[in-house]
Structure formats: structure tokens, C-alpha cells
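Trainee: This is what each chain is made of:
Number of protein chains: 4
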Amino acid sequence: MAEEKKEDFHDLGLGSKASSSSFRSLNKDGTFNVNKYNVSFFEKINFFHSLISMSWPKFIGIILLGYLVVNTIFASIYYFIGVEFLTGIEATSPSNQFIEVFFFSAQTVTTLGYGRVAPIGNLANIVAAIESMLGLLSFALATGMLYGRFSKPSAKLKYSTPAVIAPYQDLNAFMFRIVNPQNNQLLEVEVSISLSMQRANTEFRDFFLLKLERSSIAFLPYTWTIVHPIDEKSPLHLLNASEMAAKDVEFIIMIKAFDESFSQTVYSRSSYKASEIKWGHKFVKLAQAEKNGIGIDVSRLDETEKVQLNS
Amino acid sequence: MAEEKKEDFHDLGLGSKASSSSFRSLNKDGTFNVNKYNVSFFEKINFFHSLISMSWPKFIGIILLGYLVVNTIFASIYYFIGVEFLTGIEATSPSNQFIEVFFFSAQTVTTLGYGRVAPIGNLANIVAAIESMLGLLSFALATGMLYGRFSKPSAKLKYSTPAVIAPYQDLNAFMFRIVNPQNNQLLEVEVSISLSMQRANTEFRDFFLLKLERSSIAFLPYTWTIVHPIDEKSPLHLLNASEMAAKDVEFIIMIKAFDESFSQTVYSRSSYKASEIKWGHKFVKLAQAEKNGIGIDVSRLDETEKVQLNS
Amino acid sequence: MAEEKKEDFHDLGLGSKASSSSFRSLNKDGTFNVNKYNVSFFEKINFFHSLISMSWPKFIGIILLGYLVVNTIFASIYYFIGVEFLTGIEATSPSNQFIEVFFFSAQTVTTLGYGRVAPIGNLANIVAAIESMLGLLSFALATGMLYGRFSKPSAKLKYSTPAVIAPYQDLNAFMFRIVNPQNNQLLEVEVSISLSMQRANTEFRDFFLLKLERSSIAFLPYTWTIVHPIDEKSPLHLLNASEMAAKDVEFIIMIKAFDESFSQTVYSRSSYKASEIKWGHKFVKLAQAEKNGIGIDVSRLDETEKVQLNS
Amino acid sequence: MAEEKKEDFHDLGLGSKASSSSFRSLNKDGTFNVNKYNVSFFEKINFFHSLISMSWPKFIGIILLGYLVVNTIFASIYYFIGVEFLTGIEATSPSNQFIEVFFFSAQTVTTLGYGRVAPIGNLANIVAAIESMLGLLSFALATGMLYGRFSKPSAKLKYSTPAVIAPYQDLNAFMFRIVNPQNNQLLEVEVSISLSMQRANTEFRDFFLLKLERSSIAFLPYTWTIVHPIDEKSPLHLLNASEMAAKDVEFIIMIKAFDESFSQTVYSRSSYKASEIKWGHKFVKLAQAEKNGIGIDVSRLDETEKVQLNS
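Chains A, E, B and U, in that order, give the protein sequences.
The numbering used here puts the last residue of the first sequence at 311; the count rises by one with no breaks.
The numbering used here puts the last residue of the second sequence at 1311; the count rises by one with no breaks.
The numbering used here puts the last residue of the third sequence at 2311; the count rises by one with no breaks.
The numbering used here puts the last residue of the fourth sequence at 3311; the count rises by one with no breaks.
Bear in mind the hints are in silico, worked out from the structure with no lab data behind them.
As the structure is a computational prediction, the values presented were derived from the model and not from experiment.
Glycine is no exception: its CB is placed at the ideal position from the N, C-alpha and C atoms.
You may find that some hints are simply not true.
[Said to hold, decoys possible] Simulated coverage check for chain B against chain U, where a stretch passes if three residues somewhere in it have a Cβ under 8 Å from a Cβ of chain U:
{"hint": "1", "stretch": "2077-2083"}
{"hint": "2", "stretch": "2139-2149"}
{"hint": "3", "stretch": "2164-2174"}
{"hint": "4", "stretch": "2189-2201"}
{"hint": "5", "stretch": "2219-2228"}
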């Protein structure tokens, strides 16, 4: 038995860590509860990663701010060189002149170049030549990131909020289900469930890779119920609800698929804790035969109904 | 035997669904017959997916419409600020002025910037600075999508319109064939056939993964005939044509390959129903030895000839 | 034995085709000798594939030609509308006016927009607004293809011109070797050799997947000699040079690797015919220990020396 | 035993090369110590590879230099055609005129096109039309490379500076550990260790693929200690520290992972020599339970403490 457990063992990179009893290594949204200390800023931060992962408002804000800052800097340089080296400046007060110069800078950095205001003399021309090239390069980064964010795939799978323990053949099984709410097609979907639980009377946690009734499917057009049958080899064998809570179990879900629209492999992660498991419930049927195929009522994904467990 | 069937079982994410007798889960073009209800618009729609999958006329239409709308909005803003803040406006009637302002907006959003008409004064300049930046960003999305569509690989495989049941060694076999009509090379081509059929006297369907004579080839320069030998382990064993129709069989084909030109993995799907199977036919030879290699007459892909089945 | 051959059989998508005796399915450069007939132009041609595979001169030529054609068309439209609707046209003769309008078109399609010549009036402005947008979209395709070509990986492996039959342990073996002349690193390199040969007294060819001493390596910093030991299970067993020639053997090589610089999987193909095999030769050593590592003399890749074969 | 060694053998593409005793095939930073001779420049150099791998200062330098050179060339052409064919040139001395023409070129190549200076006459217009198109194409390459460099993933794994020989169950084991200092998530991490060592009394080196306690993990949020247990099948069996040094051992590490932010497979390589192994040391614990998960003190990655080895 110890031997078998070792076979099942699957580290996940989580190790046997000491932990408080309400420990959650993986949040519902797939992020990890981890902090890394004493890493230098430049080692820790990957700018591409940050720019592609941040929220849209923050991203747009950074682009707008960058546009403002760059134009302010170049406006200051042109102003310092002298507004007499720009044709067409009409303002007379310094502040208004600065504002006009600021707009000239904006017309230069975007390579708009109306020409109503244009540089004359070497210094202003050098700065404009540099600014326009810099504009092309930095807008390439900004628009590249913009498109990169837009075209970045993400498996936006919906997980059933509760997992259940339901009868399965002559056993019981741990089950949850997923649906792809989007119109894009997921292919070659693979799932793995790792179980983490407190080792009795210690501060260590053990990890087990759970055996599944089926761990991959070719497409995911409908819903998919993932099933871990609790047989005598399962680390959950003979545990009841309160024992699972006492052992502070965490089911760590990892799903991998190929997203056809994006032509890329995508990953989705989530987790279930003991408190999120409904014992003696099974999921209700969502699929309905229609004239031309199958209809799925996604809003009922979480719906379960009582059922008698096998003993 | 029940055991073996279970081994062969392959869910495909299609589950054992109730269905009417003329059910088709997968259309010939690889799309699924499924409707998802009660999914919010923003959960269901992935804009990238929509923009990359829609037809070319629709895509071009959206870009033109967007161009029109954006320029109308900005023209309205400039017009509201006042045409006296744009140099070079020559029209005198309001409607003609608006049209001139509209063209100025177009020159700004594309960063064309002739400068015959140019903003003067802070408000018009601010709007122009914003519009030119917005133009760079939104044209980056539009051109990114344009190139993304253009460079998106798709395995444009041609499937033989009929499948056949033909003799194979001392058995019979289910066969269809494919050809890549394009000049780009497909490598590491893998095929799987799943059989879905009505369970007798129930409304449920069973799914079986069919064993193939060969399920992958290294290249696909010519045609490839995919063969499922109907031996005693096959779920088709001893079924005749009318029994297949009664069981409402559906052969679900999935093909995966690496497209060398696009450096990407591509998928192709199709399906055959009982009515699309020719019994006692075999495919005619398409390949012809030529002076410098092999010639393939693609137009004869569907051609079959009568043949005596094994009993 | 027949059973074993069947096990070794590997179709490659080449089928058992009739062929003339000097048949070569795969050219040295990895292209296939195949012609497809009766495929409609639009089914056969994938524009992306064509544009990414054509030679650089042809590609540059197409871009230049497109630039010329587009400007000629738009120049004709502006000219037809009337040069009086463009400010700054200085020429008086029709031909010179057309040339000036042509340059105005070029300034518009590139969004350069000097403004010395600028549209005035609705028609000319509408055309300019359309042309500048069209310019952005079509240059996005052109520059996307340009960068796509530039960033397209290709495993530029060098194959030894001859293959050899050399002693290997107490057997003989078919061997060839490869080197990556480039500085980019190839990882997880996998090779397969398929043997195609004429079946005695028929017009059919058989295909065999050859067993290799080693079919993959983790990196390819140096040279790699690929070895097929000719044991009693090999389809080459007991064949001598003239028998190989009579059977018109073709060794079809396929190599797959991950190119670290391009972060992509790359493929390379080549082939050897009987006439390209040196019997009783082995490859000379290319690697030389140096102060800080290993030196490889790539120019000696083809060099072999006589050796006594095992009998 | 010889048989087993052969089974373990893993060439890595490094072959059995003659080598001096302080040979290191793979540097700590993952580059190989190899020089290739007699490869023509164009065979050896892949421009994309060079531009994507070079240092940032060098890359920026090349872009600036290219900008300067292109503008100097076009300025010379315009100057040679004659400054009278450019409107708005105000300078009178040749050198100042050349400088003004240079700035005009910069405004053209970036498609800025103020228009204060504009071409007039056919020759200057032709050159400007060509330059603006060339500008679009070459800036597309420059900005493509810029974004390609920015978005290129690299597994910036930190390896523990020393490896250790520490007790493991009732054996000893070779161990090192890694951490991902960045915020981006690495998934499906796979590691392989190849051992290269001098064959006694020869100039040849043998290569062995070492068996690992665990060779892959699903995520890498924390640290991962990679363990090769030195059992009786290990090529390190019964070797002590001085024997390892005498045999000039080199542990070649290759790590492969999927970088979620970049949606790409990434590789990392490193190596350990005998002198970098601490005997009878084990790594100290870095993970600390925190209120909401786990804390990792990355600065202590190299920290070890003495431990009694198993005998």
C-alpha cells in the first residue's frame, strides 16, 4: 500500500510543505498562493509578462501615460531649442507656445506630420528625426502588445462551483464538470487532478495524482464531467466528509487543450476544497436533443440533485 | 466482449446523449450541431475568434464600417469645436464644411496628414493628437487581424464524398480517402474515426473509437485511404447496410497534421452517415507514374467501382 | 518474416505505387515529385503559402509591381476626376500632370502626405481617404509577409553527399551524417529513415521504416552520424550494391527538431538513392579537441575513407 | 552491466569525443563550446537568429546606424539630383543644404512628411516614392525584430550554484535545485541530466542519461530539487569526490517547460563539473508557510548545510 501510494505520488512542484490548516495552494482562478522574496526587481519582472497579463484599463492607462510623457519630454526639448525653429507657431505667451510645441511633438511621434508647424534649423530637425523614428519603434511595441493581448488565447472554461461525491457503477466517485461557454472549439482536452492532503499528526502535506475514468477527450462541444472513482487504491478510500475536512484536502485541477481559433495550446487551472464538495449529490442533465443537434443550458452547470451513495 | 467494448469506448466529449434518429453531431464541414443557452454575451463571444472566423466580406465590411463610424464621430467633434479652428477649410455651407472636416479626420486617423487642412488652437489640436494615436492603435488591431486571417493555416483536405465498404485482405473494411489539394506540405498526419450509434431500443447513443489499419503517416503528398477493418472486435461486425441505417451510425473523422508552410498544427474534421456509404464498392486508382514522379487526378477522388465483398 | 515486414511497414503517405525504375519520390532538397491534376486554381493555391515560399527576388518583384499597379490605378482615378481637384499640381501637359498625380498617389498610399499636393473637393478627398486606408491595410499584408519570411525557421541542415555502408560492431550499417552549419541551436532532434524499393518482378514498391541505432538526440551542436545496422531483420539484409541498384532503393530521410532561436518546430527532408551510397567506406572524424571545447571542420562533411566491411 | 550502460547511453549529439581533461561541453549559461570551420558566411549566419540573440545595445545600435546610413544615402541622391527640386530648402551653403536634404530624407523614410520641404519634378518624386515604400518595409523589419525580441520567451531559471551529494532514503543522491524568479508561470516542466565522463586511460568520453527520482512536474511555483539517486545502476556508483574529479565528470542539464505568458515552449540548459559539487551537504529549506500560502526566500537558493552521507 505504501508502495502504491508512492507510485501515485505526483509532486506538481508543490513539495511536501508545512502549512496551516486552511491552506490553499491554488486559487479558484488558477493563480498560486506564493510569494518570492529577495529577488531583484529586474529578475522578477518580465515586462512582456506584465504587459500581457495586466488588466485592460491599466494597459490602456500605461499607453496614454507613455504618450503624454514622451510628448512632454520632446515638447520641452523643442521649447528649449526655441520656438523660432518651428514654423507656424502662432501663440505668443510661453505657456501657449509650449502647448503648440506639445501638439507638434504629437504630430511628429505619430508620423502624422501635418506640416503647418514644421522644424527649421538643424537642432529642431535632428530632434524631429529622432522623435519620428522613436515613435515608429515605440508604437510598434505598443501596438504589438495590444494585438498580442487581443490574440492571446485563454481557455475560459467554466467549472461547476461545487464538486460532488456521487455513485459511480458500484463505487462512489469524486466528480466535477466543465463547459466551454465560448464559440471557439477546444480540441484534445486533457485533465489531471492532484490531491493534496495533510498527513495525520504532522505539518506536512502529501500529494497524489488521482486516477480518472477518462483523462482526455477529442473535442469539448458539450459539457464534460470529470470522474475520479474512489476505489480501494484511491487516497480518498473510506474517507467521509468530516475526515476530508480534517485532512484539509485540496483537489488541484489542471486542464490542457488546443484552441482551434488561436492555433495554440491553452491551459486552465482551478481547485476544490473539502467545503466545496456536495456529498450524495449528482449533476443534473444539461443536454437536450433538439431538431438539429444538442442544446446545452449553461446556466444550470452548478445544479445538482440528491442521490443515494453506494456504501 | 462487453469489456472490450468498454476498452474501445471513446467519449469525444459527446457523451451518451438522447437523440432523434436523424441526429448528426458533426457536420460535413467540421462544425458541431450544438447550441449553448443562458451564456452571457461577453462570456460566449470571443472577439478575436469571431473576427478570425467570419467570412471575408463580413470582415472587410466591419473594417470599412469602423472607418466610417470613427471618422463621423471625430468629424462631429471637430465640427462642434468649430471649423474656424481648422486651417484651409474652404467650404461655406455647413454640410460641405462637415464633409471637409470628415476628410480631415480621415487624414488624421491614418496619420496621412497632408496639412492642407490642419488644426489650430488647443481643442482641435488635442482631438487631433488623440485621434492620430487612436488611429495607430486601432489600425494595428485591424491590420493584425487582417494578417492573422491571411496567415491562419487550415487543413483544406478534400474527403471523398462517399465512404465505401470494400474487401480488405480476408475481411471487409470501412474506407474513405483524402487528398490535400493545396501545394503546402502536410506532415505527421494523424487520423481517428469515432463511431456513434443508437443503442437498440433506447434513446441513447454509444461511441466507439475504431481501430485503423494505419492511423498516421509521415507526409501526405498523394492520396491516403483510411481503412477500418471490420473484424470480430469491430462494433460494425456482422452489421449490414440496413442495420447500419437503423442504428443511425455516424462516423466522426478527426485529422491532425503539421502544416509546414504555416509552421503550425492544423485540424480537419468531417463525418459520414449510413446513407453516405457505398457497399461493395472500392475506390479507383488515382496515382499514375509519370516521367518525373507521380501524377494524381484529384477530380476522380470520389470515383468507385463495384467489387465483390468477402462474406 | 512476412509478418515482421508488415510490422516494419510504414506507408509515409507514398502508397505502393507503380513506378519506372529510376523513380525518385523525394528530391534531395526535400520536395516531392508529384503533380496534382484537375484541382481548381483557388483550391490548389494558398496565397500565404505561395508568398512565403517563393524566392526573394520574386517576392520583392511582386511588392514593387503591386506598388506600381496600385499607384497607376489611383493616379488614373484622380486624373479622371480632374487635376484641378488637387492643389499644387504644377505641370501643364497631360502626361506630366499624370506623373504628378502618380506621385501624389504614392504619397497617399504610404500615408506620407507631404501636402504640397493635396486633394480639394469631395471626390478627390473620398478617393484619398479610401486610398490611405487601403494603403495601411495592404502594406500591413506586405510587411507582415516580409517579416513572416524573415522570421520563418528552416532547418538548414547539411547532409553528407554520399551515404556509406560501413562496419558497425559485428555487422555492417547504412550511415549518413548531418551538421547544422548555422549558429542557432537545434534541440530534440528526431530522425526517421524510410526505405522504398521495387518488389521483384512487379511494378510495385514496398516501404519499410528502418530501425536506427539511435533515432533522437537532445542537441545537435556537432555532427551526427545516423546509423541503420543491417541485421537479419533489416530489409537490406544480404543485399549487395548491385542488388540495391536493381531494386532501385530510395532512402527517404525526415528530420524534426526544435529551433531555439525561432521557438518553433522545424522539419528537414532528403533522400539517398543506390548510386549515392559508397560501399566499404566510413566517414572521417571532423571533431577536434580545442583549448575551449570542440572544433568542427564542416568542409570535410562528405569525406570518407576505405574500410573493410564485415562479412 | 555493459548491457545496462548501453541502455543508459544517451548521445545528446555530443558523441564520444577526444577531449582535454578540463573539457566543458556546455557552459553554465547554456551555450556550447564549439567552433565550426569552413562554413561560408551566408550558410553560418542566419540574420534573424543574429538579430534576435544579440545584446540590446548592439541591436539598438544597428537600428540607429541603419537609419543614419539610409538617410545619408538618400540625402546624397536628392542632393545629386539637385536641391532646386525640393521646395522649401532655405540653406544656401552646400553643407547646410545637404543637412536639410538629410532631414527631408528622414521625414520621408518615416512617412512623417511635414511637407515644408517637398519634392518637385519627376526625379526627386520618384526617389521619394521609392524611399517612403522602402521606409515602410524596412521599419516593418526593424519593429518586427524589436517586438520579436521583446516577446521572445526565455526560461530565466536560477540554478543553485553548487550541486550536492546528499543522503536520499538509504542511498546517496546527486541533487541540485532550481527556482523560477519571474512572475510568469512555467508548466509541464521536464528535466534531463546527462553525465559525461572520461573513459579510464583513454581520451574518449562516455555519456549516460541519469535516472531521476522525478523527471517532470506539472507546475513550478516554488523551488524544485532534482534528484539522481546513486544506486548500483548509476554510473556514479561507488565513485568518491576525487574519482569524480579524475574522471572529469560533467553533468549536463536540460530543462523544458511551457511558458504560459508567452504560450510557448522554452528551454534552459546548464552544467555542473566535479568542482561544483558539495559532498555531504544538503539544501536548506526555502519555503515558509504564510497566512495566505507559501513564501520562498530566493536569496538562499545556494545555501546548504552539512549532513552525514549514507555509506
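Trainee: All the hints need checking, so say for each whether the structure fits it.
Mentor: Hint check results:
With 0 residues having a Cβ less than 8 Å from any Cβ of chain U, the stretch 2077-2083 of chain B misses the three-residue criterion, and the hint is violated. For the stretch 2139-2149 of chain B, the proposed coverage by chain U is satisfied: 6 residues have a C-beta within less than 8 Å of a C-beta in that chain, meeting the threshold of three. Figure legend: the stretch 2164-2174 of chain B, annotated as covered by chain U; annotation inconsistent (0 residues with Cβ-Cβ distances under 8 Å, at least 3 required). Counting residues of the stretch 2189-2201 of chain B whose C-beta sits closer than 8 Å to any C-beta of chain U gives 1, which falls short of three, so the coverage hint is violated.
With a cut-off of 8 Å between beta carbons, the stretch 2219-2228 of chain B has 6 residues touching chain U; three or more are needed, and the interface restraint holds.
In summary, the structure is inconsistent with hints 1, 3 and 4 from the numbered list given earlier, while agreeing with the others.
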